[in-house]
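Chemist: With the hints as constraints, model all of the structure from the sequences given.
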Amino acid sequence: MAHVVTCFVRERGQILLTRRSDAVGTYRGHWAGVSGYVEGGPAAAERDAWRELREETGLTREDLELVRAGDSLTVDDEEGSFTVHPFLFESDTREVRTNEELAAVEWVDPTAIRSRRTVPRLWDTWRRVGPTVETVRSDRTHGSAWIAARALEALRDAAADADEWATIAAVARDLRDARSGMAAVRNRVNRVMSAASRSPDSVVKRAISARDAALDADSDAAQTAADRLRADGATRVATLSRSGTVREALETCDPEAVVVAESRPEREGIEVAEWAADATNSDVTVTTEAALPSALAARDVDAALVGADAVLPDGTVVNKTGTRVLGLAAQAQGVPVFVVSARDKVVAADSDSETGRSATTEQSRPESVYDGDADVEVHAPTFEFVPGELVDGIATEGGFLHREEVSQIAERYAADAQWAVE
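296 is the number that the UniProt record's numbering gives to position 296 of the sequence shown; each next residue is one higher, with no gaps.
Check each hint, because a few of them may be wrong.
Here are the simulated SDA-like pairs of lysine to any residue, each with C-alpha atoms no more than 20 Å apart in a straight line [said to hold, decoys possible]: (1) 205 - 416; (2) 205 - 392; (3) 205 - 195.
What the hints contain is simulated information worked out from the structure, not anything from laboratory work.
Modeler: So, in structure tokens, the structure goes:
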């Protein structure tokens, strides 16, 4: 039995589908991912996945990030017997250069697979690597905007496979609860379920629309933040953690200098610093959270910009641990602190709003802080509260929010949550 790879390349939620040309030996004219034979046995599948991507699309490791490899599956029909090894990659570009094996390419939502003439079991192959409840629950490196997009895609795929509303509702509840501290996940899932007409097709369509709107909202919020930094003449900015919205804002305003806290214990701030050094013209400094106060002074920082995983109805911000240190240090030195966040990160003002506060009970891996034998407890929360008094403004897709506006938005989101109790 031959071994083959199927690579799905995703950019802004859509994937690259390829139509196989007459130059290939099997499934001519069928739609597929980027695919090809594994030349060195199953153990070489990942290596050959990268090779096929380079040969068929021109995409390289500079353009792509490997998200996950899925469990293999078997295809057995008149064209042959194959063991398919699925891979999912994230791309930062849609510019591809195809070779003679591809007759056409299109960027589409993954659900388009279900209505195309494809290679066998392509939808099943996608489901091996597509987002799931566990994807949402276990991600400890991406910000809530990314995770919320994955939640909507997991809901979409579950609805595409479902025959009844109860099945979809169960997945939606699991997704809402998978990251209880991330308001964007709950609000966006709630909005889809509240507006859907209790049919799988309706959920699929609304989940896709909600994801696309969410991606636009984050970009618009980033633009709001960048415009404010420019208007204030801020050229030396401090940040921490891994917020895609913050990164987009920094890339847009391109400050003279960026100070990045490493974001212990997972240290995802290191990746942000490396990105800033490559994607901007800024002088980049990495520091620890403990050294943030002195770093702000030593680097003459004139603004702090952070993301948010949730904004409570009273204006309190929930974000990665270290944000409060940054806020206190900035306040002591007269440096404004701006939060950049889509409005959907406001926690609904209902009896369930305490779930926003539960974010601070989420713990990082204890061994990432201490793995010795002494009888000690580890306190390593992933998120923490940042009092509204430390925040000078929340940049959203609709401009800057004041506290009274946060409360009004929270009331609207409470209404969307009622689908689960009807």
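Chemist: Hint by hint, say whether it matches the structure.
Modeler: How the hints compare with the structure:
no. : hint      : result
1   : 205 - 416 : holds (18 Å)
2   : 205 - 392 : violated (37 Å)
3   : 205 - 195 : holds (11 Å)
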